[in-house]
Amino acid sequence: MYAALLVKALVIPVLTLALLVTGFSAEPKKMNEQSKPSSTQRITFGGGCFWCLEAVFQRLNGVKSVASGYAGGQTANPTYKQVCEGDTGHAEVVQIEFDPQVITYEKLLDVFWAAHDPTTPNRQGADVGTQYRSIILTENDEQKKAAEASKQKAQPEFKSPIVTQIEPLKTFYKAEAYHQNYYNQNSGTNPYCSVVIRPKLQKLLQHGLIKE
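In terms of my numbering, the sequence shown opens at residue 1 and continues consecutively.
Rather than coming from a laboratory, the hints here were simulated on the basis of the structure.
Model, not experiment: these values are computed from the prediction.
Mixed in with the good hints there might be a few duds.
[What the hints assert, rightly or not] Pairs of lysine-lysine residues, derived as DSSO-like cross-links and limited to a Cα-Cα distance of at most 27 Å, are as follows:
1) K211 - K200
2) K211 - K174
3) K174 - K145
4) K107 - K170
5) K203 - K153
[What the hints assert, rightly or not] Ranges of calculated distance between the beta carbons of each label pair, as one might list FRET restraints:
6) K153 - K81: 30 to 40 Å
7) N140 - K64: 32 to 42 Å
8) Q74 - D127: 15 to 25 Å
Cβ coordinates follow ideal geometry from the N, Cα and C atoms, glycine included.
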């Protein structure tokens, strides 16, 4: 009987110490996991029709997703029709989620400059209006500094001054479902895809900036 009591007396402090050490660690561990920095980053670009930029950035290793949408204006939850009317202040943009371990933000900026003409205010080819302006919407000071440095670096490649706006992203509104993954789904049916988007992709492919 005394032996049993002795064993019990030894076991209880050991269990108590174990609980104190672990601290019922299931919940704190869960909180720590939530606080880990994301393995992906995000940036938002505008440079003409979002169908074009979406198709371009979908063809880069390290890009996880590309969503077409609207940003840079004042109208909440705008529709495509409203944006096309030019009264919302929004630009057609793409929001890119990427893995910085595979592709850098600077590389994305290099492709951005090559994928459109950043010297034409509120215009890309036949697409005219403020919704087609060249714009980089940043999410932190680091992105802003990198964008400004990249803009200066890219300037000698163009005869005219770069007019690309660089400003903080306030709100990104995802465009209607039929705008998502547009080129991949409509390349064989919409002439815009074959006349405008496909030649742009072929040019970037030839320069080794994108993949098939």
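Results of checking the hints against the structure:
1. With a C-alpha separation of about 13 Å, the suggested pair K211 and K200 falls inside the 27 Å cut-off, and the hint holds.
2. With a CA separation close to 25 Å, the supplied pair K211 and K174 stays within the 27 Å bound.
3. At roughly 26 Å between alpha-carbon atoms, K174 and K145 fall within 27 Å of each other, so this suggested pair holds.
4. Only pairs whose Cα atoms come within 27 Å are accepted, and K107 paired with K170 is accepted, the gap being roughly 24 Å.
5. A threshold of 27 Å between alpha carbons decides the hint, and for K203 with K153 the separation of about 21 Å falls inside it, so the pair holds.
6. About 38 Å separates the C-beta atoms of K153 and K81, a value consistent with the hinted range of 30 to 40 Å.
7. Separated by about 19 Å at the C-beta atoms, N140 and K64 break the suggested range of 32 to 42 Å.
8. The hinted window of 15 to 25 Å between Q74 and D127 holds, with their beta carbons roughly 21 Å apart.
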